[in-house]
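A.B. asks: Given next are the chains, with one letter for each unit.
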Amino acid sequence: MYRDVPTIVLLAVLVAAGGCATDRLHHAAGNRGTSEAVATEKGRITNNGQGVDSDSSEMRLASHQEETSPPHAHIELVPPPVIAAESPEQLTLDDVEGMAMASNPTLVQATAQVRAARAAAYQAGLYPNPIVGYEGEYDSIGPGPDETWNGGFIAQELVTGGKLRLSRAKWAQRSRIAETNLHAQQHRVMNDVRAQFYRTLAAQQLVEVSREFLANGEDNLQTNREMLNLGQMNQSGLLRAEVDLQRDRLALKQAEYELDHAWRTLTSLVGIPELARTSLTGSLEPHEAPLDWDSALHQVLSCSPELQAAWQKIRHDEITIQRERAEPIPNLIASVTSIRSPVADTTQTTFNLGLRLPVFDRNQGTISQARADLMQSSAEARRLELELRTRLATQYRIYQTAWQKVQDYETTMLPKAKQSYDLLHESYKNRRAAWPDVLMAQRLYLTLKAEQVGNLTMYRESDVAIRGMLLNGGLSIPPGPVGAGHIDAVPKPR
Amino acid sequence: MSNYQDRRNFLAQGVAATAGFLAANTVSAQEPAGGGQSIDAGATQVAREGQDAFPRTHVGVGGPVGSPTDRGKLVAGLRNAGLPPVEVTTPDLVKLKGEMIRGAREFNLRATPARRELLPGIWMDAYGYNDLFPGPVLEMNQGERVRIVFRNDLPEETTLHPHGLELPVNMDGIPAVTQDYVQPGGTFVYEFDVHQEGSFFLHPHVAMQEAIGMVVPFIIHPKVAHTPIVDRDFVLVTQQFSILPNATVPNSNAMDWNFLTINGRSGPYTTPLVCKLGERVRIRFINFSTLHQHPMHLHGHTFWITGTEGGRIPDSAWIPSNNVVVGVAQSRDVEFIANNPGDWVLHCHMFHHMMNHMVSQVGPIIRQQENDHGFRVPGYPQIMKGMASMNMEGMNMDGHRQHESMPEMTRNGTDDYSMRMTMEEMRKITSRRETHGMREGWYKGVHGLFTVLRVLPPDLFDKLMNTNEPIPPNSSTPMNPHRSRPHG
Ligand SMILES: [Cu+2]
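Respectively, the protein sequence lines represent chains A and B.
Residues in the first sequence are numbered consecutively from 1, following this note's numbering.
Residues in the second sequence are numbered consecutively from 495, following this note's numbering.
No wet-lab data here; the hints were simulated from the structure.
From a predicted model like this one, the values you see are computed outputs, not experimental measurements.
One or more hints might be untrue.
What the hints assert, rightly or not - Label pairs and their computed distance ranges (CB to CB):
id: 1; chain 1: B; residue 1: Gly868; chain 2: A; residue 2: Pro415; range: 26 to 32 Å
id: 2; chain 1: B; residue 1: Asn747; chain 2: A; residue 2: Gln404; range: 47 to 53 Å
id: 3; chain 1: A; residue 1: Gly237; chain 2: B; residue 2: Ala670; range: 46 to 52 Å
id: 4; chain 1: A; residue 1: Gln90; chain 2: B; residue 2: His846; range: 53 to 59 Å
No residue lacks a Cβ here, since even glycine has one placed at the ideal position from N, Cα and C.
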């Protein structure tokens, strides 16, 4: 947020409009304009994502008289750009966020789920087709001549009880869940990318600190050689200095491997594994005001896409009950049959109107099952609230600890360690302190620097998690709109 | 802080004025009788004969071993005989003569915390007296009654012990044994007759207070000036302290020391002893160090050890030497004819005492030279590196030809690890009148328990000490190494 004011303005507008600060997502693409389509799509999804109860307007879409296109059928996904060829010198968080929004395949998957749900909603509201056919009759009456009747029939099932409207409403609700899930997936990707960006940045910094450690260790070995020449050290001590130096070399190697790993993970999350290795530029240090528990909890409980999806699922299950209640209302089956006999020069027309009597099967079982689903999804929303609260508690504990450490290291411990080192260094120049003491003071300072990188990583991870409403899994398959085992196993969605 | 202006004014008033205070307050000023007379006569005779037997203005042997002029043993100074003893000179220390009140020479002493700049820019927070470290030198005469009105301005108990004096036991200042502690804010009056003479000192009888620097030199002149007459009488108190870098309080627990002081300063901040060629000089060494003896070594001269903390030694027991070991809480008086012109170092010969804040110099300091082949030699380097490349920030304060005459000072002048000295620090060392005319850069060879005895030809001495005329560098010791004589 700190990086540009326009984002804050955008945030403020969206908070005012929608009530939820879920749009840090928009920051990357929205500001950079690398992918207009995606950015536009996101904006729309966010707005619709709020509207748990906004389906009254959507209901019209279920009307079979209206051959309107399904909602938001015009999603266009931008193909992943080939960035590897022209990788910039240094990548910022904005850069990698933009790449991820454009290239992470789970966003395509989540978008595909939205499309599928919308298509299903369209399908669910379509009217059943009429049946036409040939009708023939052959009469053999006593000794008289045989008589042949030829003709045709047309039959139409007349849907009653608003079944199509309800089916379409139900599936439209599913598409809403899918939209929320897409929104959640964007958060998952962004959170993972952000956290990984900071981890990679931290790994970069740790490589730098490790190089300083190595320089310290090399100087220490040289100092020990000098001390050996002056009788102030013996062979045993020199060997220890060599061992210590090797430990520093290994630590640098490890830091470099950690950076390799962090980079590979980042490019996978971004969706561009072939992205040429470059350095990241950014800041681990906090520029935001610290989070507090109450507002963090409030934000998660009011804006979590997972929770929104759970609420949308409740609505979905309510519609399902309505739909299943409508099921036993018999559809009328009307038919007209017309046959003609040339012998008698007679045309015979028959009208039929029938219905299935809901005598034995009044869909009681399925209605009951749908009620159970509603019970389940209502409890699920509550369960999810509680689970989010415990997840938040865990992250918040990490956040508090990290924040405190970051502050204390930054304002007190690092400056003091630096000052201690500087004072000794100055004393050494004045021939009052010994160089090994200076090296030790430097090592303490470097140790604190490395620890601070760890603190900042912890801070960034938890900050991203909390502000990102505890969503992660940027490379996991996005979940379907409803869980498995739902009443989906019919040829026509209902 | 030696006030050479005052001294020069003082000297300008003549020797008679110098003697005034002693003459006014002592019975010793009168003509000695009996044996004293004969000693005086003998000394005068020696002095006269010494003119022939012992060279006063250049080096050389005197009479045969055991004779009065042997190594200048009994050769008198330039002062007239029969005058009261010459006042002590106390470089870098305050001297108190007290005031005669109700039949006693009364001194006011307060035990106090005291700050001291041991070297330019290096301060020590010690304990001392009258806000001074070391305490002021008290000067008096044999046979007087002395009254010390002592007040304790320390935040802790203390006492004052007149070390080595034969006095009533209740005046000995030993906590519990002879008196109660003097509480903070409390006072105690020490009053006793001094029938001894010699180089004494006062100190608290609390071990760690002694270790943190509390000492007061206590000089008792004899009723009759010792013969042979001396022209100058210096008091030098040696001490040792352990002060960590970035710290100012000496660690009185320490068993190893990194600051060695003469009269509360370390070389080159010790103010040189200045005397005139041909004078007989006495130096009183008082060692108030924590744990170490100091073999005090004078260059270019042979002195006679003429006194201890017990007072004057009969001349039959004097020992010729150039290196007198002064043990802890001992004093040693030495005397010699300053007949070898030049600036002569006077220092403790314990090698670790010839350095300031001794510390291993491994590290960047000794890496200033690329591909230094010296490291092929085990033991290299022993010289303190970077001293030669001492970087003086700014110009030489006297405007001397710094770059011409001290090329080594600018050779590595920009090096991060060369020795640095600010203009202010340089000024503190070289602005003292007593140092003017010395060889340029002399301070680079003076460290730790180390000072300089300057033996100056009379005209140069008078110009230096009795006028304000500028003295160019290298006036007392030639700059040209081919013309300077090797000594040591
Ligand atoms: Cu010594």
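A.B. asks: Next, verify each hint and record whether it holds.
C.D. replies: Hints versus structure:
For the pair Gly868(B) and Pro415(A), the beta carbons lie near 39 Å from each other, so the given range of 26 to 32 Å is not met. Between Asn747(B) and Gln404(A) the CB atoms are about 38 Å apart, so this pair departs from the stated range of 47 to 53 Å. Evaluation of the 46 to 52 Å hint for Gly237(A) and Ala670(B) yields a pass: the beta carbon distance comes to about 48 Å. The hint said 53 to 59 Å for the Cβ distance between Gln90(A) and His846(B), and at roughly 55 Å that hint holds.
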